[in-house]
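Protein chains in written order, with my numbering: chain F, 13 to 122; chain V, 12 to 132.
No lab work stands behind these hints, which were simulated from the structure alone. Keep in mind that a hint or two might mislead.
Each computed BS3-like pair below joins lysine-lysine, with the alpha-carbon atoms no more than 27 Å apart [unchecked claim]: (1) 24(V) to 56(F); (2) 65(V) to 56(F); (3) 89(V) to 65(V); (4) 56(F) to 118(F); (5) 100(V) to 67(F); (6) 54(V) to 118(F); (7) 63(V) to 59(F); (8) 59(F) to 118(F); (9) 24(V) to 59(F); (10) 89(V) to 63(V); (11) 24(V) to 54(V); (12) 63(V) to 67(F); (13) 59(F) to 89(V); (14) 78(V) to 65(V); (15) 78(V) to 100(V); (16) 67(F) to 56(F); (17) 78(V) to 54(V); (18) 67(F) to 118(F); (19) 78(V) to 24(V); (20) 78(V) to 89(V); (21) 24(V) to 100(V); (22) 56(F) to 100(V); (23) 89(V) to 54(V); (24) 118(F) to 63(V); (25) 78(V) to 63(V).
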Amino acid sequence: QSALTQPPSASGSLGQSVTISCTGTSSDIGGYNYVSWYQQHPGKAPKVLIYEVTKRPSGVPDRFAGSRSGNTASLTVSGLQAEDETYYYCSSYAGSNNLVFGGGTKLTVL
Amino acid sequence: EVQVVESGGDLVKPGGSLRLSCAVSGIPFSDAWMSWVRQAPGKGLEWVGRIKSKVAGGPVDYSAPVKGRFTITRDDSKNTLYLQMNSLKSEDTGVYFCKWETSPFYGLDVWGQGTTVTVSS
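Using the sequences provided together with the hints, build the complete structure.
Shown next, in the form of structure tokens:
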């Protein structure tokens, strides 16, 4: 399986919104309702923000929202805060018990 | 609270072997589906493989780069997951994370803090 495609970087101003895309194929993102988004601060373990495309785990602020259109999933971060500046990764079930990740996006808060 | 703690990372020469461990607490480990994910220095996340619970059964799944070299096993009596890595290459260098999967299709999960493997002569 090929990695999912994410933009290497994204940016937004404090208090504004930013959307990060994650493009796959009909064999992964477009074929299953199992897209997740992770936040990872340098030197730390990834933390799940969104799972099953749109669901938020308990404790994750509703400023984080997931969506999907066709073979592309998106993570929207609203009301940007300084602590949101870090790395974000998408993942998707890819069939045959396999999991595929995106290359990651570095979010800068201006 | 679920806790996942990896250990065993080390410096190893190319061609060498290493076994990583992942201790899990806070859940009935024998029912847990567990995965390994790695991250090369400065790079993104890469799925390594997954083992299902014994009840679920079935083969262990591996990514193409590690299939035939890495083996995932579990000892339910010790609440511990293992990753046996053989024929190590420089490109296997990175942080190895263990995670508890709450869904057979991946999704809501709990990660350990990772353990570092360096393959270098």
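Do the hints match the structure? See the list:
1. 24(V) to 56(F): holds (26 Å)
2. 65(V) to 56(F): The hint is violated at about 30 Å.
3. 89(V) to 65(V): Judged against 27 Å, a Cα distance of about 14 Å means the pair holds.
4. 56(F) to 118(F): holds (15 Å)
5. 100(V) to 67(F): violated (38 Å)
6. 54(V) to 118(F): Within the cut-off at roughly 12 Å; holds.
7. 63(V) to 59(F): holds (22 Å)
8. 59(F) to 118(F): holds (15 Å)
9. 24(V) to 59(F): Given that 27 Å is the threshold and the Cα spacing comes to 32 Å, the pair is violated.
10. 89(V) to 63(V): Within the cut-off at roughly 16 Å; holds.
11. 24(V) to 54(V): holds (21 Å)
12. 63(V) to 67(F): The given pair, whose Cα atoms are some 24 Å apart, holds under the 27 Å limit.
13. 59(F) to 89(V): Cα-Cα ~26 Å, so holds.
14. 78(V) to 65(V): holds (21 Å)
15. 78(V) to 100(V): holds (13 Å)
16. 67(F) to 56(F): With Cα atoms ~23 Å apart, residue 67(F) and residue 56(F) stay inside 27 Å; holds.
17. 78(V) to 54(V): holds (21 Å)
18. 67(F) to 118(F): holds (22 Å)
19. 78(V) to 24(V): holds (20 Å)
20. 78(V) to 89(V): Answer holds: residue 78(V) to residue 89(V) is near 25 Å, not above 27 Å.
21. 24(V) to 100(V): holds (8 Å)
22. 56(F) to 100(V): Since the Cα atoms of residue 56(F) and residue 100(V) sit roughly 24 Å apart, the hinted pair holds (cutoff 27 Å).
23. 89(V) to 54(V): violated (33 Å)
24. 118(F) to 63(V): Answer violated: residue 118(F) to residue 63(V) is near 33 Å, above 27 Å.
25. 78(V) to 63(V): OK: residue 78(V) and residue 63(V) at ~17 Å, within 27 Å.
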